[in-house]
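Novice: The whole structure should be built from the sequences, with the hints applied where relevant.
Protein chains in written order, with UniProt numbering: chain Z, 1 to 268; chain G, 1 to 268; chain B, 1 to 268; chain D, 1 to 268.
A portion of the hints provided could be inaccurate.
In this list, chains with the same sequence are indistinguishable; a pair is considered to hold if it fits within one copy or across any two.
Unchecked claim - Using 35 Å as the maximum straight-line C-alpha spacing, the simulated DSBU-like pairs for lysine-lysine come out as follows: (1) K168 x K54; (2) K124 x K240; (3) K168 x K124; (4) K36 x K168; (5) K124 x K94.
Quick caveat, the hints were computed from the structure, so don't treat them as lab data.
Number of protein chains: 4
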Amino acid sequence: MPIFETQEETPRIMEPLRRVGITNLRSVARINWKGKVYTFLPLFEITIDLPAEKKGIHMSRLIESVTDAMSEAVEEEVMKAHSSLEELGKCVIKRLEGKHPHRRAEVWVKTHLIIPRETPASGKTSYEPYDVEVGVIKNEDGSFEKVLRVRVVGNTVCPHAMANNDGKTHIQRAVGELEVRAPFEEEIPLEEMIDVVESSFSSPTYTLLKTPDENAVVQRMFSNPKFVEDVAREIFAKAKERFGGRIHVKVVSNESIHKHDVIAETWS
Amino acid sequence: MPIFETQEETPRIMEPLRRVGITNLRSVARINWKGKVYTFLPLFEITIDLPAEKKGIHMSRLIESVTDAMSEAVEEEVMKAHSSLEELGKCVIKRLEGKHPHRRAEVWVKTHLIIPRETPASGKTSYEPYDVEVGVIKNEDGSFEKVLRVRVVGNTVCPHAMANNDGKTHIQRAVGELEVRAPFEEEIPLEEMIDVVESSFSSPTYTLLKTPDENAVVQRMFSNPKFVEDVAREIFAKAKERFGGRIHVKVVSNESIHKHDVIAETWS
Amino acid sequence: MPIFETQEETPRIMEPLRRVGITNLRSVARINWKGKVYTFLPLFEITIDLPAEKKGIHMSRLIESVTDAMSEAVEEEVMKAHSSLEELGKCVIKRLEGKHPHRRAEVWVKTHLIIPRETPASGKTSYEPYDVEVGVIKNEDGSFEKVLRVRVVGNTVCPHAMANNDGKTHIQRAVGELEVRAPFEEEIPLEEMIDVVESSFSSPTYTLLKTPDENAVVQRMFSNPKFVEDVAREIFAKAKERFGGRIHVKVVSNESIHKHDVIAETWS
Amino acid sequence: MPIFETQEETPRIMEPLRRVGITNLRSVARINWKGKVYTFLPLFEITIDLPAEKKGIHMSRLIESVTDAMSEAVEEEVMKAHSSLEELGKCVIKRLEGKHPHRRAEVWVKTHLIIPRETPASGKTSYEPYDVEVGVIKNEDGSFEKVLRVRVVGNTVCPHAMANNDGKTHIQRAVGELEVRAPFEEEIPLEEMIDVVESSFSSPTYTLLKTPDENAVVQRMFSNPKFVEDVAREIFAKAKERFGGRIHVKVVSNESIHKHDVIAETWS
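Specialist: Put into structure tokens, the structure is as follows:
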């Protein structure tokens with residue numbers, strides 16, 4: 001039985017589309033990071049452009065590109081192939097090149113990283129979770145770009161209330177987001193981006209805190225009061241100094257005295 | 001052309017179902033509260049039971065019950081008919097009784113309330129938002145029950161850190177939820193449930209705070225340190241005293257020193 | 001007691017910030033649309049820029065601008081002042097001009113619209129919900145721009161499966177989003193944007209459908225199969241024809257044969 | 001410096017609490033499933049009860065119980081210790097017994113499973129994602145219970161529209177949830193619960209579908225029309241037959257002809 005390839009027909013409305021593909025795909029990713037293999041279950045989005053004269057893309061070929069890159073990853077090759085989430089993304093695009101014509105392609109991978117930290121007083125190990133997202137973009141000229149995003153939970157300690165209340169103040173959880181968009185070759189470790197954000201709050205936060213650690217965090221918070229604006233400025237200044245590329249910073253503080261949040265955002 | 005009523009057929013698997021209906025329906029609700037008409041755009045869920053010998057329910061009749069109750073609401077009748085969200089829910093079930101046989105029915109309405117408050121120092125008016133949900137349940141014996149839920153944003157101030165750091169401590173936003181399940185006739189104003197929760201935090205929160213108000217909130221927080229456990233116990237004790245019915249309390253504190261939350265929950 | 005205005009101090013890191021303010025603020029909005037007053041409980045975000053030499057903004061003045069615009073709205077003035085969500089946004093910025101120095105300001109309002117429609121066969125009235133978001137931006141030169149967004153639930157009917165299965169195919173819910181960014185004066189009714197999206201699916205969807213209406217929708221779906229790409233192209237073509245300004249279209253189809261979604265996106 | 005143990009003080013309001021602990025904790029879990037070690041990054045919730053005469057629990061000891069169980073997991077012991085998510089949960093509670101007095105404890109673990117499936121026509125391997133949640137509860141008498149939840153994406157094909165439109169109908173994505181609550185010893189594989197749900201839709205869904213596979217799914221859907229009620233009944237009947245314990249079923253269908261969802265729910 002012949003198969004109709006409806007996707008290859010000419011559409012009634014001839015408009016090129018920039019991003020066509022699959023999104024909210026949960027799958028496996030294995031990354032060989034400094035000699036050790038880590039497993040993730042990220043959300044993937046994979047898109048290509050579609051020229052004006054084609055009705056649709058062949059969606060299953062995008063899935064196969066992920067699946068192929070994954071099964072490759074399961075084998076020995078992962079030891080050299082996928083040394084980072086962005087290498088994995090590029091590998092998916094490379095697979096796609098042999099399967100589906102396109103001029104532009106994007107792969108996005110969203111997952112969590114768990115990083116061990118030392119607690120500030122007792123020196124215990126605390127495992128800290130961070131949200132990360134990596135986009136790999138193949139431009140029409142064949143060049144590759146990447147977009148790296150980290151999301152870190154910290155805190156703000158209000159300097160205005162502290163000045164007006166003899167050292168008492170309000171404190172709250174804040175969430176800092178840093179995005180760097182750069183040429184693919186640029187070396188920008190996600191861990192370093194996380195450090196930039198985490199070190200810019202009034203204090204870093206920890207999953208495990210024994211009483212002496214909790215005291216150390218409280219002391220640090222009171223000696224380092226910061227507006228949400230201060231946190232955003234510090235992340236932005238550090239990121240510009242350390243990373244090449246375009247930088248976007250957004251900090252949202254879940255105010256303990258209000259029902260709404262406050263926000264500070266800037267970009268280069 | 002005759003219409004096949006597939007819903008009336010006997011299903012292959014003869015199992016009664018307890019809750020069949022529509023959910024995530026966004027619609028309009030108009031409530032006449034103490035002589036003034038308020039408009040909401042709530043999310044609705046409406047379900048009935050389905051006996052073993054019927055394949056399906058007639059979903060459109062549930063929608064019509066909402067629509068009819070609403071169009072009634074648009075008219076003069078709203079002035080006497082819908083004096084609360086639970087009266088509206090009961091009115092939808094009453095409409096449904098004429099349209100679709102059932103033994104048990106539920107209507108759930110989820111919306112926001114905005115209540116004006118006076119700020120603690122400057123005496124300005126601040127408009128405070130609260131999430132509320134109301135369920136009306138008609139039991140098999142024809143009796144009506146209601147479930148009322150409120151969700152209030154407040155804060156916790158750690159007494160443990162305060163004792164160990166000469167008055168310094170960590171503070172954070174916390175969210176308190178109170179549910180009361182009672183006979184329909186029981187008088188339980190949502191506003192009073194909100195007060196019970198809001199007054200149990202280290203301090204209430206306000207949308208508008210000028211500097212003297214902010215100072216008053218900070219002073220109150222430091223003079224009233226509370227664990228998430230303390231907040232839950234206080235809500236529970238007050239609710240048991242004021243409201244008839246079964247009570248469920250849950251408080252989640254978005255810790256400023258951790259990336260995770262802490263939780264305290266109890267019920268009668 | 002003197003109040004310390006910490007916000008006016010010079011920050012340690014002198015970086016200007018582009019967007020500083022409040023977000024996730026739930027409040028009331030009243031709009032006089034064609035002579036009738038509608039009430040909404042939207043989410044607001046209000047930001048201004050912050051120069052390098054100021055440590056922070058005065059957050060409470062942003063709240064007051066909303067509150068003032070609202071209390072004005074409660075009075076007679078709403079009859080002429082707030083004829084649309086974007087007029088309300090502009091009104092908040094105008095209030096802000098007298099309260100807090102800034103060069104750039106943004107107000108964002110996110111809410112739902114309920115629009116009555118006629119069902120396709122029985123001619124009954126069905127109340128359809130849509131998500132809308134309106135941004136008003138005052139640029140540094142004093143000019144005003146607006147960003148209008150609508151989100152509409154529809155469906156896609158796969159033409160590829162239909163061609164390969166003698167008219168049988170897979171069908172699913174799809175969500176179309178249209179954004180138009182234009183000078184403030186440009187007349188772009190949200191209702192017309194909604195129509196553009198809703199008319200571009202295989203069929204519009206309805207809250208209330210009696211059996212003859214359901215049949216009409218099914219017949220329309222099968223006579224109008226569309227890829228997610230087709231829906232995106234049609235929205236884009238219609239929007240370019242009808243509205244001035246920059247246009248962004250995104251359609252996500254919640255595939256009934258996959259666990260992931262498919263996406264088509266383009267912009268001018 | 002002595003540490004004040006504020007948690008051990010008598011609270012002002014003497015009410016016992018049922019569930020106190022930590023929630024929304026993202027961490028690592030390693031499971032040895034049939035001889036192969038799998039890594040997950042689940043969300044954890046861990047709670048214990050709190051007697052009336054104690055002000056608070058020692059939150060850090062709950063974290064340590066997770067951390068200890070994890071570091072044990074990293075070592076050889078994982079090969080025998082954590083053969084399932086529920087064994088991991090029990091292991092955390094066992095660790096907790098040595099650290100913090102309590103009468104009742106709960107551990108909840110929420111993650112994704114990826115299971116390889118064979119596509120229906122081309123016989124290719126497709127990796128299918130499922131949401132799972134496992135709760136382990138130690139009761140006051142020392143007995144252990146477990147709660148297992150799976151969430152599976154499938155579809156419904158309307159038999160009513162099919163009967164009234166000569167075989168044409170509307171089709172949509174549906175989501176089925178199955179919960180089983182049973183004594184800890186009861187053998188209830190999550191994979192089998194997933195099978196029960198997935199086989200009860202009009203058709204299973206697949207991540208990868210080449211055209212012949214897509215055709216097979218479409219043919220199956222049209223030969224197997226089902227209301228959301230039919231799906232719920234079939235899951236319920238199969239689950240009662242296969243699994244000991246209390247069963248709860250909920251199916252939500254994301255209608256392609258409506259903007260709202262329909263729901264069918266029942267429990268034993």
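Novice: All the hints need checking, so say for each whether the structure fits it.
Specialist: Tested hints:
1. K168 x K54: between (65 Å within a copy, 23 Å between copies)
2. K124 x K240: within (32 Å within a copy, 43 Å between copies)
3. K168 x K124: both (30 Å within a copy, 23 Å between copies)
4. K36 x K168: neither (47 Å within a copy, 42 Å between copies)
5. K124 x K94: between (43 Å within a copy, 21 Å between copies)
In this structure, only the earlier hint numbered 4 is contradicted, and the remaining ones agree with it.
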